[in-house]
Amino acid sequence: MVKLRILASEEEGTLQRTIFEFSKRNIEIERLLYSHEGDHALLHITVKSDADAIKVLKPLRKIHGVIEVQNSGREEEAETGRNRMPMTPQEMLG
Amino acid sequence: MRGAKVLVNTLKEQGAKLLFGIPGGANLAIYDELHESGLRHILTRHEGGAVHMADGFARVTGTPGICLGTSGPGATNMITGLGTAYLDSSPVICMTGQVSTKMMGNDAFQESDSFDMMIPVTKSNFKLRSPDDIPAVFTKAFAVATSGRFGPVAIDIPSDTVSSEFTGEACLPAQFAEHVPQVKGRIADAVAMLNSASRPVLLVGGGAKWAKCGESVVELAEMLGAPMVTTVMGKGAVPEDHPLSMGTTGMHGRRSSARIMEEADVVLAVATRFSDRTTGKTSDFIPKAGVIHIDIDNAELGKNVRNVIGLTGDCAVIVQTLKSMLRNSAGARSGWTARAIAMKSYCQCDFNILESPLKPQKVIHELSRLLPDNAILTTDVGQHQMFAAHFFEASGKRKFITSGGLGTMGFGLPAAMGAKVAEPGTKVVCLTGDGGFQMTFGEFATAVENNIPVFVVVINNGSLGMVRQFQKQFYNNHLFAVDYSKSPDFVKFAEAMGGAGVTVERESEVAEAIRAGLSSSVPFVADMRVDINEDCLPMTPPWTGRNGTIYGRCKWRDISDGEIANFGK
Ligand SMILES: Cc1ncc(C[n+]2csc(CCOP(=O)(O)OP(=O)(O)O)c2C)c(N)n1
Ligand SMILES: [Mg+2]
Numbered sequence: 180m181v182k183l184r185i186l187a188s189e190e191e192g193t194l195q196r197t198i199f200e201f202s203k204r205n206i207e208i209e210r211l212l213y214s215h216e217g218d219h220a221l222l223h224i225t226v227k228s229d230a231d232a233i234k235v236l237k238p239l240r241k242i243h244g245v246i247e248v249q250n251s252g253r254e255e256e257a258e259t260g261r262n263r264m265p266m267t268p269q270e271m272l273g
Numbered sequence: 003m004r005g006a007k008v009l010v011n012t013l014k015e016q017g018a019k020l021l022f023g024i025p026g027g028a029n030l031a032i033y034d035e036l037h038e039s040g041l042r043h044i045l046t047r048h049e050g051g052a053v054h055m056a057d058g059f060a061r062v063t064g065t066p067g068i069c070l071g072t073s074g075p076g077a078t079n080m081i082t083g084l085g086t087a088y089l090d091s092s093p094v095i096c097m098t099g100q101v102s103t104k105m106m107g108n109d110a111f112q113e114s115d116s117f118d119m120m121i122p123v124t125k126s127n128f129k130l131r132s133p134d135d136i137p138a139v140f141t142k143a144f145a146v147a148t149s150g151r152f153g154p155v156a157i158d159i160p161s162d163t164v165s166s167e168f169t170g171e172a173c174l175p176a177q178f179a180e181h182v183p184q185v186k187g188r189i190a191d192a193v194a195m196l197n198s199a200s201r202p203v204l205l206v207g208g209g210a211k212w213a214k215c216g217e218s219v220v221e222l223a224e225m226l227g228a229p230m231v232t233t234v235m236g237k238g239a240v241p242e243d244h245p246l247s248m249g250t251t252g253m254h255g256r257r258s259s260a261r262i263m264e265e266a267d268v269v270l271a272v273a274t275r276f277s278d279r280t281t282g283k284t285s286d287f288i289p290k291a292g293v294i295h296i297d298i299d300n301a302e303l304g305k306n307v308r309n310v311i312g313l314t315g316d317c318a319v320i321v322q323t324l325k326s327m328l329r330n331s332a333g334a335r336s337g338w339t340a341r342a343i344a345m346k347s348y349c350q351c352d353f354n355i356l357e358s359p360l361k362p363q364k365v366i367h368e369l370s371r372l373l374p375d376n377a378i379l380t381t382d383v384g385q386h387q388m389f390a391a392h393f394f395e396a397s398g399k400r401k402f403i404t405s406g407g408l409g410t411m412g413f414g415l416p417a418a419m420g421a422k423v424a425e426p427g428t429k430v431v432c433l434t435g436d437g438g439f440q441m442t443f444g445e446f447a448t449a450v451e452n453n454i455p456v457f458v459v460v461i462n463n464g465s466l467g468m469v470r471q472f473q474k475q476f477y478n479n480h481l482f483a484v485d486y487s488k489s490p491d492f493v494k495f496a497e498a499m500g501g502a503g504v505t506v507e508r509e510s511e512v513a514e515a516i517r518a519g520l521s522s523s524v525p526f527v528a529d530m531r532v533d534i535n536e537d538c539l540p541m542t543p544p545w546t547g548r549n550g551t552i553y554g555r556c557k558w559r560d561i562s563d564g565e566i567a568n569f570g571k
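Residue numbers (our numbering), protein chains in the order written: chain Z, 180 to 273; chain S, 3 to 571.
Everything labelled a hint here was simulated from the structure, so no lab data went into it. Quick reminder that beta carbons are idealized off the backbone N, C-alpha and C, glycines included. Incorrect hints may have been included.
[What the hints assert, rightly or not] Ranges of calculated distance between the beta carbons of each label pair, as one might list FRET restraints:
id, chain 1, residue 1, chain 2, residue 2, range
1, Z, Arg240, S, Arg329, 32 to 38 Å
2, S, Ser132, Z, Met180, 40 to 46 Å
3, S, Ser165, Z, Gly252, 50 to 56 Å
4, Z, Ser228, S, Thr103, 38 to 44 Å
5, Z, Asn205, S, His37, 44 to 50 Å
6, Z, Arg184, S, Ser200, 44 to 50 Å
7, Z, Glu189, S, Pro426, 44 to 50 Å
8, S, Arg308, Z, His215, 34 to 40 Å
9, Z, Gly252, S, Phe482, 51 to 57 Å
Produce the complete structure using the sequences and hints provided.
Structure representation (structure tokens):
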């Protein structure tokens, strides 16, 4: 599992567009955590592999409204169990 | 002041002179303001046509093309046009009406979630929440569309945001100037690689047209003695009558272009995304070359071709920088240059085919011969498009406009109209198929009504030719659902719309028909009745690689290794 940390403006559409960048590339989102950092939205998105993370990283950085994307590297399975407020994209969007 | 008035004023501040669209309940307040705005409005027959026209306008001017539709079906009709503009990086500004903010979410009449639907087919998109957002949102939209890698931007406009009063403040355009990427990358390594190359090749993509760097690319090629190959999207970026210009490569490209790339030891790729239609089977693609990849979009570097020296930034700036740092080394590569030129001249096959029934190649031959030096050729999608990509000579200042990314049938005619509106003094020809023409030919009436005298050349094979070719070649000749047993008489159609036209069945009539079309003061159709059985060849299916090339009439079918080795000696 690899976790991406995405800091974005809360402008409408930025979050949807972020999620679409994954589905467009057929990359499954394993886990999605949403919180705030100051005036910004903070997303932690976990994907299966390094290859998935590399594929989506640069396109995410291009999104108007996305401020920063970091690959937080490989995530320990135990650290992010499903008990930590998991949110599917569908839940988050609707 | 009403929101709609602020909207129109903001469009004007952004330099807008005209827009394409169709009114409806949800955008009527905007139309009410357009009424006396002085902006030219072209009323299209379909919103899809409006987007393609805006796209054609943008591709010719390099500035945003603007279109406007209503909510619901107006907006959904615009999706294909946006997808087309998105994949070809064209700066279209698309405005859609929306039900009022109070009604949204109630499945109101003509409500669609246009905003969310348009996310994947736009570079960015916005939704107005209040009239006070208008100046900032529009200024931002234009900035996003025309900065970095260009792309379409959509704005969804709930009716109450334009019908109610604006109480906000004007905004300064500079506030939203988008970030212009600085030149980044290992320039010195790229220079060293090019200086030491024995067999350099330039691969020029569609981005070179947006960056308007064709002339510098030619100068760079001359300094290096390097042949230039273009992708389909790059066609026209450099003049194809230049001795170093090899023509297009890719699935239906020239064998000489593919061959010179196979032999290259360094490929300098300028603003191309290495689409699968360009590379074909990746293991066959530039197997011996180190690659330097220049692109304004950092996300393209390493996406389809790995292990490149990547240079990000404005391609015009990067090419200039390379020129200033490279030494003129053409003399040292005269053997390589001669080899490329010899290969190209071998590839100049005679496609002035006089057979009956008429062959599409003959039509392209005559277009190459008769179109003015600065003509604009738009195409639709299918065999005729690939025939044109291969055989039409985009010499001099000719422009070639095509839907290379999304491959959208129905693009050709409205794109030609957008181009003609942008450059009324230039001859604009739309090369289309009988299938693609019928997808958007309602816009021919728009062309007549608005005095946009485009010349439509229909390569009429009575068939969805390219699909037919695939069924023939790869599906055991199971021809199904590809032939039109009956099509309208396109000349009568043109006349009924108020235009003119001529039907051509013999090769001897082609030139005269083209002359008539070029001199027509009304929109004109030349219905070229061509051989249904003429496939668009050569073709290299991406799954076979070059060993699976189907040559057809292509001379490379019979060439020996010895002859190839002797090119340029
Ligand atoms: C909107 C759309 N639908 C379907 C296709 C698939 N398609 C690609 S080429 C082609 C045939 C085009 O026929 P025509 O316009 O007559 O051109 P021809 O190939 O005969 O020259 C089709 C159906 C497409 N590219 N675009
Ligand atoms: Mg056809």
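Hints and how they fare:
1. Arg240/Z x Arg329/S: 32 to 38 Å: holds, 36 Å
2. Ser132/S x Met180/Z: 40 to 46 Å: holds, 42 Å
3. Ser165/S x Gly252/Z: 50 to 56 Å: With Cβ atoms ~52 Å apart, the hint holds.
4. Ser228/Z x Thr103/S: 38 to 44 Å: 42 Å Cβ-Cβ, so the 38 to 44 Å window holds.
5. Asn205/Z x His37/S: 44 to 50 Å: holds, 47 Å
6. Arg184/Z x Ser200/S: 44 to 50 Å: This hint holds: roughly 46 Å between Cβ atoms.
7. Glu189/Z x Pro426/S: 44 to 50 Å: Since the Cβ atoms of Glu189/Z and Pro426/S sit about 45 Å apart, the hinted range of 44 to 50 Å holds.
8. Arg308/S x His215/Z: 34 to 40 Å: holds, 37 Å
9. Gly252/Z x Phe482/S: 51 to 57 Å: Check passed, 52 Å falls within 51 to 57 Å.
Checked against the numbered hints above, the structure violates none of them.
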